[in-house]
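**Q** Now for the letters of each chain:
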Amino acid sequence: MTDPEFREAYHRHKDVLYRFAWRMTGSPDSAEDLVQDCFLLLLRNPPGYDAARGTLRSFLIGITRNLARKRMRGESRFDDLDEDSFAIPAIDTDSHDRARIIARAVAELPPLQREVLILAEYEELSLEEISRAVDAELAAVKSRLHRARENMRRMLMPALFQEKPGTKGIPSGTK
Amino acid sequence: MAPNNDPKLRELLKEWQISNAPPSLDERVLGPHKRWWSFLLTGSIRIPVPAVIAISWRFWS
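Protein chains in written order, with our numbering: chain A, -5 to 169; chain B, 51 to 111.
Any given hint could be a false lead.
As the list claims (entries may be wrong) - Here are some of the chain B residues that sit facing chain A, going by a computed Cβ distance under 7 Å:
#1 L59
#2 L63
#3 I103
To be verified - With a straight-line cut-off of 35 Å between C-alpha atoms, the simulated DSBU-like cross-links for lysine-lysine are:
#4 A:K64 <-> B:K58
#5 A:K136 <-> B:K58
#6 A:K136 <-> A:K64
Think of the hints as simulated: they come from the structure by calculation, not from any bench. The C-beta atom is built at its ideal place from N, Cα and C for all residues, glycine as well.
This is chain A alone, in the form it adopts within the complex (with noise of 0.2 Å):
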């Protein structure tokens, strides 16, 4: 890869990498550190992609989401267990912050789950580029964005009941 070429990979996907990484972390620093360590593993292996298998978006979300998954093992917080019962309660949403309550309930769902949903959802990534980047099949792609859509839906429950502040209908925190 020459120069030019990495220079234009980066300027291409760094935006994705890094919202995704900030997404599954929950943190804006630890998004920074990953998606530099991402590009470097990009500058130094550069013949580890293969256009044939995939999307260098997909590849590059690909590494970073094993380094993320490298740094939460690290740090607990990641579980490969992508549990069927996995029991989430309603998230208390009698706050105003709404985007605080939904980042909330990102992090409260299990990796596997969170990432697909990330990507499909923030991302919109198609379900075949998913699987690619997380290295899993199309049927548990499916099944994961399933459940995590379902918990999100659980958690969430009081607000998707509310009206969003300022428009019509039931205030914001009217409960």
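Here the structure of chain A is known, so what remains is to put chain B in place on it, guided by the hints.
**A** Positioned in the frame of chain A, the structure of chain B alone reads:
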């Protein structure tokens, strides 16, 4: 994109927006941006000793 048949959930999730990568990341990955003329102030070049001797000899002779 993977279809989400619940527009209300989709809309709610989108309320959590975060910023793009900061400029400090550019510097960490690509190195500090240098202006082209900064070489004139801080740059250096390496010249082989025989070349220096040859040039000096021509200059002084």
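**Q** Each hint should be assessed against the structure and marked as holding or not.
**A** Right, here's what the structure says about each hint:
no. : hint             : result
1   : L59              : 6 Å, holds
2   : L63              : 5 Å, holds
3   : I103             : 35 Å, violated
4   : A:K64 <-> B:K58  : 34 Å, holds
5   : A:K136 <-> B:K58 : 20 Å, holds
6   : A:K136 <-> A:K64 : 24 Å, holds
Checked against the numbered hints listed earlier, the structure breaks hint 3 alone; every other hint is satisfied.
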